[in-house]
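On the provided structure of chain S, position chain U as indicated by the hints.
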Amino acid sequence: MNKLKPLIALASIPFWFAYTTLCKSSGQSSYFQQLMYKNPYHHELGTITAWDMIVRIGANAWLLIDRVLPQMFLRYGNWIVGIVIVCLILTGIGGKIGN
Amino acid sequence: MKYKLTLIIITLSVMLAVFNFSTIPFAGGDNFAYYHLSRAIAQGKGYIELWDANLPLHTQYPPMFPILLLPAAILNSYTLAKVIVFLFYFFVLLFSYKLFEELNGKDETATIIALMLLAFAPVVIQYSSLVLSEIPYMMFSVLALYMCATKKFGLALAFAVATFLTRTVGITLLIAVSWYCWRKNEIYNKSQ
Numbered sequence: 113m114n115k116l117k118p119l120i121a122l123a124s125i126p127f128w129f130a131y132t133t134l135c136k137s138s139g140q141s142s143y144f145q146q147l148m149y150k151n152p153y154h155h156e157l158g159t160i161t162a163w164d165m166i167v168r169i170g171a172n173a174w175l176l177i178d179r180v181l182p183q184m185f186l187r188y189g190n191w192i193v194g195i196v197i198v199c200l201i202l203t204g205i206g207g208k209i210g211n
Numbered sequence: 000m001k002y003k004l005t006l007i008i009i010t011l012s013v014m015l016a017v018f019n020f021s022t023i024p025f026a027g028g029d030n031f032a033y034y035h036l037s038r039a040i041a042q043g044k045g046y047i048e049l050w051d052a053n054l055p056l057h058t059q060y061p062p063m064f065p066i067l068l069l070p071a072a073i074l075n076s077y078t079l080a081k082v083i084v085f086l087f088y089f090f091v092l093l094f095s096y097k098l099f100e101e102l103n104g105k106d107e108t109a110t111i112i113a114l115m116l117l118a119f120a121p122v123v124i125q126y127s128s129l130v131l132s133e134i135p136y137m138m139f140s141v142l143a144l145y146m147c148a149t150k151k152f153g154l155a156l157a158f159a160v161a162t163f164l165t166r167t168v169g170i171t172l173l174i175a176v177s178w179y180c181w182r183k184n185e186i187y188n189k190s191q
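Chains as they are written, first to last, in our numbering: chain S, 113 to 211; chain U, 0 to 191.
Just chain S, with the same shape it has in the complex:
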């Protein structure tokens, strides 16, 4: 039974995505479709390519360093603060793995 528990928990994933795919009305987009749009507010711009996805991941990673992480703690900050925070996180994870 203990081995089954993680599988039962994971079963919620296909259940939710099946619901969102099968029950969405004609005008609605699924979560995955929205993820793949160039702009979820302008569907007519089409979907992203594999290269666009790589560019988006890079841009979002930079956004985290430049704005999101510094603003979480300081409200205003720049990429230097972001890099310091990322280094602290990596040091913490490294320390945990080391232990």
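Be a bit skeptical, because a hint or two may be false.
Stated by the list, open to error - Derived lysine-lysine pairs resembling BS3-like cross-links, with alpha carbons at most 25 angstroms apart:
1) U:K44 - S:K136
2) S:K117 - U:K183
3) U:K97 - U:K151
4) U:K97 - S:K208
5) U:K150 - S:K208
6) U:K3 - U:K105
7) U:K150 - S:K115
8) U:K183 - S:K115
9) U:K3 - U:K97
10) U:K150 - S:K117
11) U:K105 - U:K1
12) S:K208 - U:K1
13) U:K105 - S:K208
14) S:K117 - U:K151
15) S:K208 - U:K151
16) U:K183 - S:K208
17) U:K151 - S:K115
18) U:K105 - U:K183
19) U:K1 - U:K97
20) S:K150 - S:K136
Unchecked claim - Derived coverage of chain U by chain S (criterion: at least 3 residues anywhere in the stretch with Cβ under 8 angstroms from a Cβ of chain S; other residues may be distant):
21) 54 to 62
22) 108 to 122
23) 159 to 166
24) 171 to 178
In short, the hints are calculated from the structure, not lab data. Backbone N, C-alpha and C fix where the C-beta goes; we use that ideal spot for every residue, glycine too.
For chain U alone, kept in the frame of chain S given last:
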């Protein structure tokens, strides 16, 4: 001393959040959707979009947060919805402290610093009374991680599912926690 300091940090954080509390609805729009999805459930109409004339089934946001807002929807009080989120924010502080304590062991300084970084983070205080899924998502994430740290794997999985059913991005935590529980179970079986 550690408990006094913890109490002071949590009290100060809650005071800041109380000063930040406003009954005026957030102008973003997602809060409106969550509240009206909750109202639809409360009225027994199902998980439908009350703001659309065709009343279609809602398929964008998972249902956990609207379900958590049910007391507010039943009493038709938007302010109560804000209070519910505020309570979750309090639980975030409480269980984060327990999680940090569990992870840091005897290193009390690390626990206090981690709690301070969380308790006084402007974004956390800002979101503490907005009817948005960020704070409940944070609460379920922290609970899932705390249960993993204390080896209560059944509860860890339940909270990981709740995380996913609060915000779809919780899929990452659900997969990670499931894998962790699976591995821990294997290690436990081999050692028997």
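- Task: Against the structure, test the hints numbered earlier, and report the numbers of the ones violated in rising order.
- Result: Those not satisfied: there are none.
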